[in-house]
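Novice: Top line first, the protein sequences correspond to chains A and B.
Going by our numbering, the first sequence runs without a break in its numbering and finishes at 446.
Going by our numbering, the second sequence runs without a break in its numbering and finishes at 446.
A portion of the hints provided could be inaccurate.
Same chains, same label: a pair holds when it works inside one copy or across any pair of copies.
Each computed DMTMM-like pair below joins lysine to aspartate or glutamate, with the alpha-carbon atoms no more than 25 Å apart [unchecked claim]:
| no. | residue 1 | residue 2 |
| --- | --- | --- |
| 1 | 335 | 378 |
| 2 | 74 | 148 |
| 3 | 372 | 149 |
| 4 | 74 | 34 |
| 5 | 135 | 149 |
| 6 | 41 | 420 |
| 7 | 363 | 378 |
| 8 | 151 | 34 |
Honestly, the hints are just simulated from the structure, not real lab data.
2 protein chains.
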Amino acid sequence: MKLFLLVLSFLFIGLVATAQSDSVTIQNIFNEELSHGQCHENLRELCKGYGKRLTGSPIAAGAVEWSFAKMKTYGFDTVYKQEVMVPHWVRGNPEKASYTLDNKASINVSVCALGGSIGGNIKGNIVEVHSFDELRALGKDKVKGKIVFFNRAMDDTKINTFEAYGGAVNQRGRGANEASYMGAVGVIVRTMSVGINPFPHTGAMMRYTDSVTKIPACAISTQDAEMLSKDLKRNPALNFSLAMSCQWFPDTLSHNVICEIRGYEHPDQIIVIGGHLDAWDMAEGAHDDGAGVVQSLEALRLMKQLGIKPKHTIRVVFFMNEENGLRGGVKYAAVAKANNEKHLFALESDEGGFTPRGFAMDATGDTLNKFLGYANLFKPYHMQEFRDGGGGSDIGPLRDLGCVMMSLTPDSQRYFDFHHAATDVFEGVNKRELELGAAGIASIIYLVDKYGM
Amino acid sequence: MKLFLLVLSFLFIGLVATAQSDSVTIQNIFNEELSHGQCHENLRELCKGYGKRLTGSPIAAGAVEWSFAKMKTYGFDTVYKQEVMVPHWVRGNPEKASYTLDNKASINVSVCALGGSIGGNIKGNIVEVHSFDELRALGKDKVKGKIVFFNRAMDDTKINTFEAYGGAVNQRGRGANEASYMGAVGVIVRTMSVGINPFPHTGAMMRYTDSVTKIPACAISTQDAEMLSKDLKRNPALNFSLAMSCQWFPDTLSHNVICEIRGYEHPDQIIVIGGHLDAWDMAEGAHDDGAGVVQSLEALRLMKQLGIKPKHTIRVVFFMNEENGLRGGVKYAAVAKANNEKHLFALESDEGGFTPRGFAMDATGDTLNKFLGYANLFKPYHMQEFRDGGGGSDIGPLRDLGCVMMSLTPDSQRYFDFHHAATDVFEGVNKRELELGAAGIASIIYLVDKYGM
């Protein structure tokens, strides 16, 4: 019993001593960031200089060069570009959509092409449905030659808006395929946004499957979806027309952009931080995912600035093509595998630059418990919500290499006001909220590097 | 030992049973609010109809009538206005301020009169200081006839921005008195805002004490404060001019606006929810404190809508004149005392309509522990941060009546982007964030009513 108490007291002393020095380091990280943070100004440069940086575009190529040059300014050990062949889809002219009701003047509606859609001019009657089951139950006769309108709203009662998104987004992803299979000539999908607002939000649809005819697919704002639904009750035979000029081009050379500080003890063991550099072409990709890349870069800057020398190699990756292909993430993991690189841990920030709540982890057993034990260190920053189930699209392919995953989890309430819409501009990102996320990332990386998995 | 275990198991059963039914009720509250919430639309009506509702103004009188009529629509047991005599200060024409540097063209700066300042046209040299100690150490000879520029910034490294505010706001409150005592002819105070931005924020200064000469006092935007400070280093003798036409008028009749649902068991025991109806005259008072009043009203609407019949009387108070006098809060408590009313509990929402983090309590012993025990019920809504030290200006005077105090505590990061500035408009308030706060208030009131103090 005495021995047990002795052991216990040693453990306790060890724990307390560690926590104290760690809490000081973490406080230094937050103080430096909130008083001399650079990520907000970096975000401004990226958003205002390279706003519509959709994969394959000249603006995306410019964003790659900006990123490379910006990383160079910080004096890290390595800065390089990693080649990736990426898809190249272009929206073309502004989309036009309208309908006539009772033979009166046409009513314009706010739509935008879904990423990956073909262009085309279509006219026809509308079939409104809320699920694939409802669509299939109609039978092909009732769908043939018509435009399918998927109008299932995100569930506003979900506290985590990503959960509401998950409950609605299959309409956007698979809607065109499902509708085409039933003989439809086009697809209108209710925008993935909470509440009612006038902005259509784009986003990737699945590639058309070979067995179906390609048909144009667009998103309609939630406000206009409501209006259209009401008008369909008045006149189920109303005539809808849609004109889009999107086009596919051959794959294009692009790059992931990478920088790192080499570890002094295990340089061959890698900890990755990242977000995606590409963005939809609706605005500036400020929250999605300008915030994530500038925060990732800032985390490395903070470590260097504060003289935190990592045992493992800390690498920042600006992934290319998360939005409509994930080629950057896939390529990065493939190269890592081919080079037999040991990836310990990867963290992605791709849920917006909002006030952070904590982290989500894809870890199990002792690793998970170790991470959960860090939560108290984040209480002073209101980032103590550590929960199971994290990851990220770009880092996802690293899972096969045995890499432990984490995501920064900001407050989700405002995310779908901005996501893939014309509203996602620099001005929508609060400096302090962005900085708190960057400091949080630097802090958790400091702990992961120090205590391992 | 067996008895102990038996007691323990009963306690445990009791706890779990209670928690289950409560968690269902609370979920119903959040679901109703997020799917059919009315507070956002109410806030729009208030902000767009009665924007600059500064105490004593005709707009404030209009806001009283709007509030009374709005409360009437909900069919509560009682709706009434409570008379309050309020101070009446008017800003007058837009303020003008500029300085000349090296005899070149004049440089305009963004200023606004501090609430309660006298008007006047002054010109003079500037003395920049960062504290009252620094001012006093200069001696009267160096201050006499000059304009004192208080330029102590809010501390950006404070995670809770209200703490940073507390560390800087005495310059605004007492600056004019301190400077006048030293012989100054005017005062410029650095705006109470985090970071650097172009908006001057107003706010109340203390009444001039009788022993000093009244001198004009204004706030200058943080951006222009930085510029002025730099220019003072180049030319300490630069000439500053300030013109303000503010005026005081005699006290005016105004009102607190009140509604309630009477308790079925203890109608004479009162639980108060409130915010303040008056707002500064810079914009629309959306976060400060339109959010608080519409959330308070919404909490009562939610209880009625969901058929939650309270044991105690639940009363909502829209307090008048928090910003520059607190007359509404003082009057309300005085009437309560005169009528020998028993006030159990008061909750104020006056920290903006941002995503809620939890509640702060001014309670001790068993009451505090009981409240802390509620925190888990708020975890699904990410509102589990229950901490000591809450209250509110308007409900403050109820403390003497033995009333337990609580405040809703939203995330504080963005508050001082809006507070008392031209930026505080309806569009800056997110619907879901506002609604979560309203649902949180209804939920805690439900628990307080059910389980008492």
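Novice: To test your reading of the hints: which numbers does this structure violate?
Specialist: 1, 2 and 5
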